[in-house]
Structures are given as structure tokens and as C-alpha cells.
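Listed below are the residues making up each chain.
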Amino acid sequence: MNRMIHLTVNGRKKSMAIDIRSSLLEVLRDQMGLTSIKQGCGVGECGACTILVDDVLIDSCIYLAVWADGKSIRTVEGESRHNTLSAVQQAYVDEGAVQCGFCTPGLVMATTAFVEKNKGHAVTREAIRKAHAGNTCRCTGYQSVITVTEKCLQTDGEPNQ
Amino acid sequence: MFPIQSYEKADSVDDAIRLLSANPEAKPIAGGTDLLIRLRDGKKAFGHLVDIHDLAELKQCAIDAAGTLLIGSGVRFSDALASDIIRNHLPHLHTAAGTVGGPQIRNIATIGGNICNGVTSADSASPLLASEAQLIIQGPAGRRETPLSDFFMGPGKVALAQNEILIAFAISRENYRGYAGDYYKFAMREAMDIATIGCAATCKVSNHTLVDLRLALGVAAPTPIRCRHAESVARGQPLTEELLKKIETAVAEDVNPRTSWRASKEFRRHIIKELVGRVVRNAIHQAGGTNQ
Chain A
212 MNRMIHLTVN GRKKSMAIDI RSSLLEVLRD QMGLTSIKQG CGVGECGACT
262 ILVDDVLIDS CIYLAVWADG KSIRTVEGES RHNTLSAVQQ AYVDEGAVQC
312 GFCTPGLVMA TTAFVEKNKG HAVTREAIRK AHAGNTCRCT GYQSVITVTE
362 KCLQTDGEPN Q
Chain B
259 MFPIQSYEKA DSVDDAIRLL SANPEAKPIA GGTDLLIRLR DGKKAFGHLV
309 DIHDLAELKQ CAIDAAGTLL IGSGVRFSDA LASDIIRNHL PHLHTAAGTV
359 GGPQIRNIAT IGGNICNGVT SADSASPLLA SEAQLIIQGP AGRRETPLSD
409 FFMGPGKVAL AQNEILIAFA ISRENYRGYA GDYYKFAMRE AMDIATIGCA
459 ATCKVSNHTL VDLRLALGVA APTPIRCRHA ESVARGQPLT EELLKKIETA
509 VAEDVNPRTS WRASKEFRRH IIKELVGRVV RNAIHQAGGT NQ
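So the sequence lines, in the order shown, correspond to chains A and B. In terms of our numbering, the first sequence opens at residue 212 and continues consecutively. In terms of our numbering, the second sequence opens at residue 259 and continues consecutively.
Please note that a few of the clues may not be correct.
Claimed, not checked - Chain B stretches covered by chain A per the calculated footprint, using a threshold of three residues with CB under 8 Å from any CB of chain A:
1. 270–280
2. 445–453
3. 510–517
Claimed, not checked - Beyond 12 Å from chain A on every Cβ pair, some chain B residues (computed):
4. Thr291
5. Arg296
6. Asn346
7. Asp470
8. Pro496
If you are wondering where the hints come from, they were derived from the structure by calculation, not from laboratory data. Remember, it's a predicted structure, so these values are computed and weren't measured experimentally. Glycine residues also receive a C-beta, built at the ideal position from the N, C-alpha and C atoms.
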């Protein structure tokens, strides 16, 4: 049940044969080695598998790999450039928003999507909480994640500079 | 790996109907946020898929020449939240869209899928029921229209043949023009949860009179329901605190909630009364009405 798909992963064009029964998580993690993507719950509740598909935040565990044909994928592996963390990643480090780290790649992508969309706009803490509601973290209590987001919204420049 | 036994990608609605007709075991998959989970659980009923994910034909959100609002079945909840048409004309549906799952789910789950699953807790069902949505359904013999109120047959059962596709929801001008609305989802958590009770109201107010009220509830019965008795008590009456109390009481005759692990029947009845009071008050307020 194989099929060729053509996609861009973290800026690099790829063509690959995938099993149509695979989730995008399985293809990216098992075939491409992008191990930042975690399978937590496997049912779209915990957000540990969160990635961006054409800059839209999705749970890759309940997204068929065939749907990624022609799309551009972003995972945490592609967020740092030339050994420099993205502004969002750096803010996670600075604020101590990483504890055990299992949920962190998904949370970083959720924060990145939110910051890119809302940069320069006034947002409430409630809106930030809502934007991260699909990512479960059992360590941080989320306060540091909210602080990270507020900090990234305030700083000048693009998230990747 | 999902236990998929056959997979066909449809490149149009016509193609999807042809593919579904060719395999009586096949089912359409759109956002997949419910179907893939059931498939992963090993539900064999979903092993044969016709993929209508992201079909451009199903993603319209527009008002036609006759003033009818058309919402494609493939409109995702995040599309609904971004739509000025839905925000301006169906505020209760707009609010409901924001209560579904979390951001990742809203970015992929479709309103059509929410309705075709046929579950009583579907957040989009009560707002669409309240606004008298007509369903445009396409099958091998062409298109047909049916009111949403005739679509829900029982828990998980809808009046849709195996080789039919829900195309769009149509809401005629007289069912949204001049109406304000609100929705409230009561759940144990503020996100990533299924409604304990969902309540949608849409109303028209003029000169301290409640000209019309349409009230719909989710999880108050085996399927989403309209509250016809409470509506008849409200229609055309002067806007008074007494009337609002009457509506809250009258709704008890419309509902048939059950006890589940989420909540008891008695608790749901209490929540129904409370939510109806709040949502109707807010809808009236949005419509510019004040009590006499």
C-alpha cells in the first residue's frame, strides 16, 4: 500500500515512498528520524506530536501521511538556524519553561505558530492559554510557557532572528 | 499504522460518490479527528476509506444571490472562527466553533464531520439546529436537501446513505437576518473536553417583545434537540424577568438527559435550566433587548 509523496521538511524538499496507513508522525519520526515528535496519547489530546503543516498547527498522530503531499512541514529540528536557537526556543531556555522536556517540542511549535500570527497585536493571557490548550505539560504548570509567549510577542524582530 | 484496508483519494465530490458506490464498505474521511481514533481502536467499520480531506469544493463560506448563507461541510472550526460571515450572521455558531477541542483539533476537524458523526455532544449541532440549517446532500442520483432537524436518527446515526456526501449547510436569510445568538458549552474543563451540556439560542427582539426564540441543546437527549415547547412559551411575549423564568422552567419538558460517567441526569437537568437562562439572556442582550 505504498505511495510516493513530495513534501518540504524543515526547508528541504523530499520525495519518499510511504505506506498509506501511516500517520505523519510515523513517517517523520520513524522514516526521517525527527525524534522531537513524540507519540504521547495517540488520539489528538496531549499535543506531544504537534508540528506545523503549511504553518498550521496540527497533531501529527491523527494526520494521515498522504495528506502531507505537496505541503511544507516544520518541526522543532528546523527552528534553530546555524546553531542558534529561534527566539521562541531561546525564551523557553531563559524562562526555565523546560522541565522533563517530553512536551517541549510540541509546545515550542504551538508558541511559534501563535507568536508568528499575533506579533505586534495586543493579546490577553487568556488568548495565550487558549492557544496552548492542546498541549499537555505535567511539569511546568504552564506559567513559564505563558511568560515565554508574552516575552516573544514583545521582542522586536522575527522569531528566527 | 492505522488498520486501513483500502484507500482511495477523491479529487472531487463526484469522484467521491463514484468511489463510495464502488465499495459498499467504504466511508468518507474528512478531518479524521474522530474517524482515525476509532480506526486506531480497531473499529473495523472504518477500514475502507474514500478521502475527501481538504476538497476545495467543500470549503466555501459565502452568501449567495438570494441571501442564503452557505457553509461547506469541509469548513474547519478554525476557518469558521476566521470567517466574518459566520461571526456577523451566526454568532452562536462562531462561539461554538471556539469551544471545540484545542487549536490542533480546530485546525483539522470539519463542521460536516461534526454533524455526520451524529453524536449529541457535537458543538456545531445546536447552533445549526437553532438556525434551521438545511443540509445539501449529494448522491449518485443528484442533490437533495433535508432539514438538519430530520438528520439525527439516534446516537451516532444520521440520515445519510453510504454513498452520499454532505456538501454544505444552507441557512436562508429569514433564519439569520435580524437574529442575535449565543452558545455556551458546559464541560468539566475549559478546553479539550466534550460538552456536559451545550446550549444555543438565537432570537429576534422588537420593542420589548421577544419576537422569536430558537433554542437548541446538545447532550440533553440522545441526539441534539430543538426545544419547541420552551420556544412556544417565549414566542411573541413581552420581555420580562417572569418570561425568562418561564422559559427556564418550560425547557424541562423538551429534554431527556441521561446519566453517564460524565454527569448524572439530575445534574444535567440542573445545568440545562441554568444554561438556558444564561444563554437566552445573553442572546436577548446581543439582540438589543431589555426587560420591561
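Against the structure, the hints:
no.	hint	result
1	270–280	violated (count 0)
2	445–453	holds (count 3)
3	510–517	violated (count 0)
4	Thr291	violated (6 Å)
5	Arg296	violated (10 Å)
6	Asn346	holds (21 Å)
7	Asp470	holds (32 Å)
8	Pro496	holds (37 Å)
Hints 1, 3, 4, 5 from the earlier list are contradicted by this structure; the remaining hints agree with it.
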